[in-house]
Amino acid sequence: MRRKGLISAAAGLLALASCGDAPTVTCYSVDPLLKVFPENTMFMEAPDALDAAGATHVEFQFAVRSTDAVEDFTVECGSLTGPDGYTVPAPRCGVVGYVGVSEAMDDPAHDVLRSATGLFPDPILEQDSYEFDPSVTFCPWITVYVPAQTPEGVYTGTVKMKGKSGGRKFVFEKKINVRVWPGTMRQPDFPNVNWAFDFDYCMQLWNGGEPVERYSDDHVEYLKDLYGIMAECYQSMVMLPIWNVVGMERLPDGNWKFDFTRFDEYVRLADEAGVLKQMQIEELGHRLVPSWTSPMGLFVPEFKDGKMQKETYSPDDPRVRDFFSSFIPALKEHVEQLGWGDRCYMKICDEPVDDNADSYRAAVALIREFWPDMKVLEACQTTKVTGAVDAWCPQMDYWHNNYDFYKGRKAAGDEMWFYTCCYPHAEYPNRFIEQPLLKPRMLFWMAHKYRADGYLHWGFNYWVGDPFVETSMPGTGTSLPGGDAWIIYPGDRKMLRSIRFEQHRDGIEDYTLLQMLAEKSPELADAFTGSLITNWWVYVGSPDLYRQTRRNLLKTLSE
32 MRRKGLISAA AGLLALASCG DAPTVTCYSV DPLLKVFPEN TMFMEAPDAL
82 DAAGATHVEF QFAVRSTDAV EDFTVECGSL TGPDGYTVPA PRCGVVGYVG
132 VSEAMDDPAH DVLRSATGLF PDPILEQDSY EFDPSVTFCP WITVYVPAQT
182 PEGVYTGTVK MKGKSGGRKF VFEKKINVRV WPGTMRQPDF PNVNWAFDFD
232 YCMQLWNGGE PVERYSDDHV EYLKDLYGIM AECYQSMVML PIWNVVGMER
282 LPDGNWKFDF TRFDEYVRLA DEAGVLKQMQ IEELGHRLVP SWTSPMGLFV
332 PEFKDGKMQK ETYSPDDPRV RDFFSSFIPA LKEHVEQLGW GDRCYMKICD
382 EPVDDNADSY RAAVALIREF WPDMKVLEAC QTTKVTGAVD AWCPQMDYWH
432 NNYDFYKGRK AAGDEMWFYT CCYPHAEYPN RFIEQPLLKP RMLFWMAHKY
482 RADGYLHWGF NYWVGDPFVE TSMPGTGTSL PGGDAWIIYP GDRKMLRSIR
532 FEQHRDGIED YTLLQMLAEK SPELADAFTG SLITNWWVYV GSPDLYRQTR
582 RNLLKTLSE
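Just so you know, we're using our numbering here: the sequence shown kicks off at 32 and counts up by one.
What the hints contain is simulated information worked out from the structure, not anything from laboratory work. Predicted, not measured: the structure shown is a model, and the values here were computed from it. We put the CB at the ideal spot given by N, CA and C, even for glycine. Do not rely on the hints blindly, as some may be mistaken.
Taking lysine-lysine pairs in the PhoX-like style, the calculated list, with each CA pair at most 25 Å apart, reads [claimed, not checked]:
| # | residue 1 | residue 2 |
| --- | --- | --- |
| 1 | 406 | 441 |
| 2 | 378 | 363 |
| 3 | 341 | 406 |
| 4 | 255 | 288 |
| 5 | 378 | 255 |
| 6 | 288 | 338 |
| 7 | 406 | 438 |
| 8 | 378 | 406 |
| 9 | 193 | 205 |
| 10 | 206 | 288 |
| 11 | 195 | 308 |
| 12 | 415 | 441 |
| 13 | 288 | 341 |
| 14 | 586 | 551 |
| 15 | 341 | 308 |
| 16 | 193 | 206 |
| 17 | 308 | 406 |
| 18 | 378 | 308 |
| 19 | 288 | 205 |
| 20 | 438 | 378 |
| 21 | 205 | 195 |
| 22 | 255 | 441 |
| 23 | 363 | 308 |
| 24 | 363 | 406 |
Distance windows between CB atoms, simulated [as the list claims (entries may be wrong)]:
| # | residue 1 | residue 2 | range |
| --- | --- | --- | --- |
| 25 | 558 | 484 | 17 to 25 Å |
| 26 | 589 | 138 | 21 to 29 Å |
| 27 | 164 | 372 | 55 to 63 Å |
| 28 | 403 | 586 | 44 to 52 Å |
| 29 | 484 | 356 | 55 to 63 Å |
Please construct the entire structure, taking both the sequences and the accompanying hints into account.
Given below as structure tokens:
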């Protein structure tokens, strides 16, 4: 006996066998907001149709199992046909891959996901064909984009999945339906930044294991690909590197010379990709010693054996003033010449806390001597840097615990961002692999409920080791839970999305729809947000309830 809405692989196999053929392969439509593990044999059925507005995305998922090894598996889908011959373009098709999470997150939420195999679904693989071991569930994943101004109605497509199992060919054809509501989502403008990296090792993984020469044509292609996938999730700010990118030379007379040619190339590529509505400059300093409570210092370039390296000194050290009295005016002049002066934020020293707030303020004060109207956006865990930061960006739990303070700073004219990273844990939403897929979306519903001005995450593609094998960085304790360091994966000279990436993107789309409604009726928008989120720790966990609310939101907007 099974509950309504659940499908078992065994039951599906028997139903097909009764037709006179005894296939070894089964395929079911599965709710795309649920993670499917390789050992799963029972699944929650997908809704008959998923809801969308123009310029938004919806996803579909299938679960396939075979008692024999599967070879030459392919998945494809043509355009979706709607009323009066209108169509929605053919979707992107892939298969969800499995990755390892060897170290479980500490202090998990009540709905933490566990895997009997240690494998979790995450990357969306995009290959010409796939092979799978016997009795392993694998999930084709379909991403539909509904163009702007698509007429309302139900649009239907056919997903065709075929391959060989036990030497026999098999084919499945499954219908997908998208219910398009009247109206089009405007271009999202919610500020968000994921710090992205072009480390040598990251580029090597992307390049099939072959090293990439810095500033070569391949390096440019890497950045184009990286910025392109950032644009897919509506990123609006890039943290631009300066150390080892801006040429820095100490002249014989003691003056400094700076060359921004390579910096300009980063700006150009990010701007062309559409992800540079705002820029953040790479941090100017860090803690003096590797201790969380250590005083903050500022970097000074020093040259040894012809190579530049950064040394960290206290803000009151004469070497700091000597360097920054030249560098900051040159950076300010150059950024303003490029036309980004009013859209540029500085990152001074990452994550100040109460114990080093004084040294952090001293560092900002010194930099502002040479750029008085400089704007500072900082991830922080202290309330003791008022006047030093213009855009507060507390960790989500710190925002929660000091909400009245930050609400007051917002009322005073400061910006109020927030960030998640390796923390917070417990019941807070985040984007760890061990969490349900709804949580990345809930980040942006909370952003609307609590009036955030932006969102930041440090780990877009901080790949180490083999990112398809291990995602929790063993050896660091549980400070970096699975998936914290990256939300995309390196393909063959192609960045690959993850199912968490898709929910991040869709969460920003939800935020934009709420924003559109709030401009007509703030009370209605707040009512929708409140129907899903009670407080920071209590929010919807049911995909059905979420979808019902989102459907009503689309309906209300269409009226």
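Of the hints given before, which are not true for this structure?
-> 4, 10, 11, 15, 19, 22, 26 and 29
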